[in-house]
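S.K.: Heads up: the protein sequence lines correspond to chains H and Y, in order.
Quick note: the first sequence uses UniProt numbering, first residue 1, plus one each step.
Quick note: the second sequence uses UniProt numbering, first residue 1, plus one each step.
For the record, the hints were derived by calculation from the structure and aren't laboratory data.
Treat each hint with caution, since some may be false.
Computed list of lysine to aspartate or glutamate pairs in DMTMM-like fashion (alpha-carbon distance at most 25 Å, straight line) [unchecked claim]: (1) Lys-243(Y) x Glu-19(H); (2) Lys-318(H) x Asp-313(Y); (3) Lys-40(H) x Asp-69(H); (4) Lys-319(Y) x Asp-159(Y); (5) Lys-306(H) x Asp-313(Y); (6) Lys-140(Y) x Glu-305(Y); (7) Lys-392(H) x Glu-177(H); (8) Lys-227(Y) x Glu-305(Y); (9) Lys-140(H) x Asp-24(Y); (10) Lys-140(Y) x Asp-69(H); (11) Lys-306(Y) x Glu-106(H); (12) Lys-306(Y) x Asp-61(H); (13) Lys-371(Y) x Asp-259(Y); (14) Lys-227(Y) x Asp-69(H).
Here are a few chain H residues that sit away from chain Y, every Cβ distance over 10 Å (derived from the structure) [as the list claims (entries may be wrong)]: (15) Lys-241; (16) Asn-355; (17) Gly-356; (18) Glu-393.
All values derive from a computational prediction rather than experimental measurement.
For every residue, glycine included, the Cβ atom is placed at its ideal position computed from N, Cα and C.
2 protein chains.
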Amino acid sequence: MTNRIGLFGFGVVGQGYYEIAKNDRPELLPETIVVQNKNKERDHSLQFSFDPTDILDAPCDIGIELISDPVQAYDYVNSLLKSGKKVISANKKMLAAHLPELLELEKAYGGSLLYEASAAAGIPIITCLDCHFAGDHISKLQGILNGSSNYILSRLFQDDLSLQEAVKLAQENGFAEADPTLDINGSDVSSKLTILGLHAFGKYIPEGEILTIGVQHVHAADVTLAKSLGLKIKLIATAQKDKDGLSLHILPTLVSANDPLFLVENEYNAAKVTSQNLGEQFFQGKGAGSLPTGASVYADLTKAEKGYGYSYDKLNGKKVTPEQPQSASLEVIISADSQEALKPMTDGISIHQANGKYWAISTVSTAELIKQLPVIETNKLSIIALNNTVSKENVLAQIQQQETVNIN
Amino acid sequence: MTNRIGLFGFGVVGQGYYEIAKNDRPELLPETIVVQNKNKERDHSLQFSFDPTDILDAPCDIGIELISDPVQAYDYVNSLLKSGKKVISANKKMLAAHLPELLELEKAYGGSLLYEASAAAGIPIITCLDCHFAGDHISKLQGILNGSSNYILSRLFQDDLSLQEAVKLAQENGFAEADPTLDINGSDVSSKLTILGLHAFGKYIPEGEILTIGVQHVHAADVTLAKSLGLKIKLIATAQKDKDGLSLHILPTLVSANDPLFLVENEYNAAKVTSQNLGEQFFQGKGAGSLPTGASVYADLTKAEKGYGYSYDKLNGKKVTPEQPQSASLEVIISADSQEALKPMTDGISIHQANGKYWAISTVSTAELIKQLPVIETNKLSIIALNNTVSKENVLAQIQQQETVNIN
Numbered sequence: 001m002t003n004r005i006g007l008f009g010f011g012v013v014g015q016g017y018y019e020i021a022k023n024d025r026p027e028l029l030p031e032t033i034v035v036q037n038k039n040k041e042r043d044h045s046l047q048f049s050f051d052p053t054d055i056l057d058a059p060c061d062i063g064i065e066l067i068s069d070p071v072q073a074y075d076y077v078n079s080l081l082k083s084g085k086k087v088i089s090a091n092k093k094m095l096a097a098h099l100p101e102l103l104e105l106e107k108a109y110g111g112s113l114l115y116e117a118s119a120a121a122g123i124p125i126i127t128c129l130d131c132h133f134a135g136d137h138i139s140k141l142q143g144i145l146n147g148s149s150n151y152i153l154s155r156l157f158q159d160d161l162s163l164q165e166a167v168k169l170a171q172e173n174g175f176a177e178a179d180p181t182l183d184i185n186g187s188d189v190s191s192k193l194t195i196l197g198l199h200a201f202g203k204y205i206p207e208g209e210i211l212t213i214g215v216q217h218v219h220a221a222d223v224t225l226a227k228s229l230g231l232k233i234k235l236i237a238t239a240q241k242d243k244d245g246l247s248l249h250i251l252p253t254l255v256s257a258n259d260p261l262f263l264v265e266n267e268y269n270a271a272k273v274t275s276q277n278l279g280e281q282f283f284q285g286k287g288a289g290s291l292p293t294g295a296s297v298y299a300d301l302t303k304a305e306k307g308y309g310y311s312y313d314k315l316n317g318k319k320v321t322p323e324q325p326q327s328a329s330l331e332v333i334i335s336a337d338s339q340e341a342l343k344p345m346t347d348g349i350s351i352h353q354a355n356g357k358y359w360a361i362s363t364v365s366t367a368e369l370i371k372q373l374p375v376i377e378t379n380k381l382s383i384i385a386l387n388n389t390v391s392k393e394n395v396l397a398q399i400q401q402q403e404t405v406n407i408n
Numbered sequence: 001m002t003n004r005i006g007l008f009g010f011g012v013v014g015q016g017y018y019e020i021a022k023n024d025r026p027e028l029l030p031e032t033i034v035v036q037n038k039n040k041e042r043d044h045s046l047q048f049s050f051d052p053t054d055i056l057d058a059p060c061d062i063g064i065e066l067i068s069d070p071v072q073a074y075d076y077v078n079s080l081l082k083s084g085k086k087v088i089s090a091n092k093k094m095l096a097a098h099l100p101e102l103l104e105l106e107k108a109y110g111g112s113l114l115y116e117a118s119a120a121a122g123i124p125i126i127t128c129l130d131c132h133f134a135g136d137h138i139s140k141l142q143g144i145l146n147g148s149s150n151y152i153l154s155r156l157f158q159d160d161l162s163l164q165e166a167v168k169l170a171q172e173n174g175f176a177e178a179d180p181t182l183d184i185n186g187s188d189v190s191s192k193l194t195i196l197g198l199h200a201f202g203k204y205i206p207e208g209e210i211l212t213i214g215v216q217h218v219h220a221a222d223v224t225l226a227k228s229l230g231l232k233i234k235l236i237a238t239a240q241k242d243k244d245g246l247s248l249h250i251l252p253t254l255v256s257a258n259d260p261l262f263l264v265e266n267e268y269n270a271a272k273v274t275s276q277n278l279g280e281q282f283f284q285g286k287g288a289g290s291l292p293t294g295a296s297v298y299a300d301l302t303k304a305e306k307g308y309g310y311s312y313d314k315l316n317g318k319k320v321t322p323e324q325p326q327s328a329s330l331e332v333i334i335s336a337d338s339q340e341a342l343k344p345m346t347d348g349i350s351i352h353q354a355n356g357k358y359w360a361i362s363t364v365s366t367a368e369l370i371k372q373l374p375v376i377e378t379n380k381l382s383i384i385a386l387n388n389t390v391s392k393e394n395v396l397a398q399i400q401q402q403e404t405v406n407i408n
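Start from the sequences, fold in the hints, and give me the full structure.
M.R.: So, in structure tokens, the structure goes:
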């Protein structure tokens with residue numbers, strides 16, 4: 001059976017998929033490629049269309065959406081699903097925003113929607129959550145889901161670079177954009193956690209509801225402290241279920257040497273899933289790049305070809321509706337350049353001075369941290385979760401060892 | 001659609017699957033359970049049959065084979081496939097021996113055969129190799145595929161136990177059989193590597209052709225040496241493809257601290273796959289146990305229900321025929337209690353005495369090691385692969401540091 005395939009977008013990911021299909025099964029190459037920018041220099045051996053209706057109104061079987069603009073991506077995917085097509089997307093922002101509606105369209109019109117490449121790029125985490133954890137009860141999912149941030153943290157720990165130097169190097173090596181803000185503030189991690197949360201727990205928590213702190217304020221003294229404790233700092237996305245509900249949070253987090261997340265370096269991503277039946281499952285793979293991401297798209301294509309669709313078994317047939325996450329209590333290290341900067345978050349808590357920074361250790365709820373995000377940003381507070389890898393007392397003892405003045 | 005399911009065997013794995021189905025979707029419970037031993041004490045709330053034809057001649061849709069006897073298992077699976085049924089098996093010995101024939105039956109009669117639980121228990125490695133590496137070229141697969149051996153090595157490294165003490169503890173904790181021979185000599189790892197090799201490389205190498213050395217001769221001085229180099233010893237199964245062909249070998253192997261295999265402890269299993277498109281993918285999960293293994297069977301069941309079958313895309317449609325592996329050259333540490341014991345394998349190589357053992361470092365082919373297996377067994381030679389984690393020179397320097405007499 002030959003599939004007529006339409007492709008939107010021919011950027012890094014689109015070219016990765018194209019390359020793989022060309023070398024493996026040319027019948028899985030797109031019949032039509034629609035791109036937006038008429039002035040961009042492109043491969044002259046390929047024919048491009050600039051008119052989306054060349055796919056949307058054509059008798060195509062499978063539509064692949066690999067563009068960066070989430071608004072445009074939504075229009076294409078929406079339209080394809082309304083025609084009952086099989087659709088593949090890698091647009092995490094769009095998916096995180098519109099999954100409830102898209103799943104309704106899938107059901108109503110008999111199409112299907114696969115999106116393995118939208119979270120953790122080359123790792124088959126969505127497919128595994130969807131079909132390997134059937135009938136299982138997942139209690140916790142933790143992941144390193146942003147290759148740029150992880151690359152930057154590797155440079156801080158391995159090469160003693162400052163954050164600014166590490167960001168620059170990430171840009172030079174193609175792991176961060178010219179404007180690195182979105183790479184370092186964790187903003188794409190929350191989209192991914194929304195998507196994974198739906199598959200792991202059957203709950204749709206809009207990404208705006210998730211506490212998200214990136215690596216933007218991690219400083220060299222944090223690295224010194226973590227190293228002195230034998231730990232590393234990773235940008236960890238956590239979704240954890242207990243009797244009260246599902247809590248989600250993303251923030252720099254201490255990781256101990258016996259945790260498989262400890263060895264995830266550079267542009268690699270990882271996910272650790274704890275469940276009733278399977279114990280602890282761990283997945284690690286490339287979180288970015290043309291071929292790894294294109295490979296996930298290509299794997300989706302071979303699944304779509306066979307009629308595979310996600311089961312969403314954790315939804316138990318329920319309609320997807322947005323839910324609020326449960327607030328969770330976190331032990332965190334808070335540090336800043338001045339005692340003043342720490343004040344809004346350290347009422348009644350000891351502040352310590354060491355290694356040119358001011359430090360406090362606090363137990364704080366994710367709800368409170370969300371409220372404090374403007375202060376965290378303005379005062380450039382570094383917030384690092386202890387994550388049960390070390391006791392507050394041990395961290396304090398380390399800080400006090402390097403303490404110059406005990407302030408109150 | 002309701003599936004009529006027949007189950008052969010109600011041991012540890014069968015009970016795990018049963019438990020999961022009961023709590024998740026009772027319609028996926030077996031209609032008939034056939035067991036062999038009439039005298040065994042069993043759950044009185046369940047009805048058992050002792051007649052295989054209650055499944056084989058009944059109008060069942062899916063047959064699940066979870067017995068230990070590979071000969072009997074083959075008969076059941078063969079018969080089910082000849083009736084065009086969907087079949088799930090966890091019998092690694094049977095599968096490794098009969099896959100070529102069973103795949104022909106699958107094609108000829110339109111049934112399907114899934115067997116995720118047969119390798120690395122709870123890790124979805126077969127499904128991932130089959131559908132996530134579509135169109136990819138895998139160059140190397142390395143795995144920790146035996147929970148008992150890994151548990152024993154963890155005890156040697158973490159608790160300084162002797163091999164005998166560790167085996168005893170593994171038995172007490174249910175991680176090794178009363179007769180531990182099959183657990184420690186690597187014999188079930190070769191079945192698993194045969195199965196994984198077919199999915200990763202499209203080549204069927206019968207397990208008897210694979211160099212297989214277990215942990216049976218690893219001694220405390222090996223542990224001391226590895227520790228002094230900052231390394232661990234793991235029982236690593238390797239399948240590696242180069243221009244000359246595919247080589248496979250299983251033997252105790254040095255693993256460095258930056259390798260994700262380093263952190264795989266106790267009954268956990270792992271697989272590391274290196275490929276052209278995806279770079280390095282790593283999977284870790286429970287390699288044994290009722291629920292983890294039962295969960296893989298249950299996941300197969302939900303896949304079979306949807307009509308999912310393995311694609312075997314690495315076969316490119318070719319018929320599966322047994323092939324010889326390519327011999328590979330390995331750098332190994334060889335040690336024994338006496339200089340005499342080392343002699344057959346150390347012609348012209350320096351022998352060193354340290355820590356109560358005699359040592360040599362040699363470069364030897366897997367073909368030669370297979371020839372020497374009787375000597376290795378008789379002389380209780382410990383053979384440990386360097387695996388490019390450390391240079392011969394560094395190992396020699398460490399041995400010489402502890403050397404008491406330089407012999408020749």
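S.K.: Which of the stated hints cannot be reconciled with the structure, identified by number in ascending sequence?
M.R.: Numbers 2, 4, 6, 7, 8, 10, 13, 14, in rising order.
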